[in-house]
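Model the full structure from these sequences, guided by the hints.
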Amino acid sequence: MIEVQDLTKRYAGVTAVDGVSFTVNRGEICGFLGPNGAGKSTTMKILSGFMPATSGEAKVAGHDVFTESEEVRKRIGYMPENNPLYPDMRVTEYLGYRAALKGVPRTKRKARIDEVLQLCGLGDVSRRIIGQLSKGYKQRVGLADSLVHDPDLLILDEPTIGLDPNQIRQVRHLIKDLGKRHTILISTHILPEVEMTCNRVIIINKGKIVASDTPENLTKMLEGGGTVRAEIRGDRPSVERALRGLPGVKDVAIEPANDDFLRATIYAPPRSDVRVRVFEAAAANRWTLRELSRVRQTLEDVFAFITMKEAPVKEEEGK
Amino acid sequence: MCCNLFTLWRRELAAYFLSPIAYLVLLSFLVLNAVSFLLMVNFMDGRTTDASVMQSFFNTFFYWVAMLFVVPVITMKLFAEEKRMGTLETLMTAPVSDASVVRSKFLGAITFFAVMWLPTVAYAWILNYFAKDATPIDWGPVCAAYGGTLLVGLLYISLGLMASSFTHNQIVAAIVGFVLIAVIFFLGFLSRIGPPWVQAFFGYLASVEHVSDFARGQIDLRRVLFYISATAFILFVTQKIVESRKWR
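Listed in order, the protein sequences are those of chains L and E.
With the working numbering applied, the first sequence covers 712 to 1030.
With the working numbering applied, the second sequence covers 155 to 402.
The set of hints was computed from the structure by calculation and includes no laboratory data.
For glycine and all other residues, C-beta sits at the position ideal for the given N, C-alpha and C.
Incorrect hints may have been included.
Some chain L residues near chain E, calculated using beta-carbon distances under 10 Å [unchecked claim]:
1. E782
2. P791
3. N793
4. V963
5. A1015
In structure tokens, the structure reads:
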């Protein structure tokens, strides 16, 4: 659906996007992740045909985004950053105008608008003036606009920015739903969003792609995938000695927890599981074991690891 | 393409009438013209003049104040507001060409300009209706005068539109627009001073003379061509400015 080859964009001396190449296949929900100023919005602006790249090429559905810009624009629904809308129009008026502009035939316009109103949960506010809507509703109007001509590809630039947690959840569900029919490229710096909605993640930093994989694989990629946490009641030196002696264990960190328990973090290589051995050791020594779990590395760790080029924090408090 | 232009034009026009500024502009324009018309009728009452009321109406101080000050206010928001709100991005990523966006904004402003002038047509009728011994209105020169007003309006609005495409600040757009229009307007006065070749050259810019010629019923094709081609050129430049985001 999207093919990007060596895309570079320079603004007055600053390289915003630097030789980026990636593809997004039909039907994927692809998350575009990166810190602020990484080049996410710039890449999306280029893909949507708002501005051309300095060099390299980008194709959407086989059409070049610069030379066949209008063909591309017919096929994408683009929601820019900060979701700009005309505050003086009513919701249905705005969608009607956008539908006409995007070439939805007059006879189908009404049905199509009703469809997106329903899809985006805008039925109750369809006659309201956009400027008077809450931010969550405005966001949905923006989404409805990007959907109104039933495009193959949706490009959404930070669609959940500035929403409260409930609204974020609603928008996330909506995006997941849309993913069944559309290919979606979504940018965000909210990590749980990507973990929950996307089936592929592209991490971009300082204009360059630093990782591109499924959220699961990216998480696995991190060292520490085999880390286990256990809470054990027993004599501290002997617990430490026994755990260190287990095959496959690289290191053990022990700290006291409440009720005489010890919290042990057991570091083991990725793709290994030392939980059974820990349990057996506890049983053999007659320790009380009240927790035994894998420390799940989140995308947040991957993100921090990749974009900051420093070791991730190994202790995950409260996770 | 043509449907797009129509859709965009309708949106531009709607944008005018959805904002309070439009009504303020319409109101002040009508008040200004009413004062102008009233003063003129009072002045001419009972005198013999060589110009009709309707002819003089297009040659007053008030007429040019309206033209110079109202046009930048009409055009200031066209691009500046879309840039400020970011809606230029949604607009330009819809399947429409830059050219049709520029044209639709221009046509929207021209339509508003025409709507603004429309009520003044009634003055001619009012004059006839209330005059003691009515002289029939000579509609030819009146139509020509409105035609001339529209031609000058084309040029001024295209200048205002260009000013609006420079910036995302409406006030700056209005001021730049006013300056551009004023420069053209005052250069026209050079047609009254200096050596003949200077006078001849600046005669092409002398809007005051042109409109009063039109109001006398004298339609000069050179003037018509000048305003239309100058407008086309400025719209072309505006389109390039809008496109400049692509190569900056």
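Of the hints stated earlier, which fail here?
-> 4, 5
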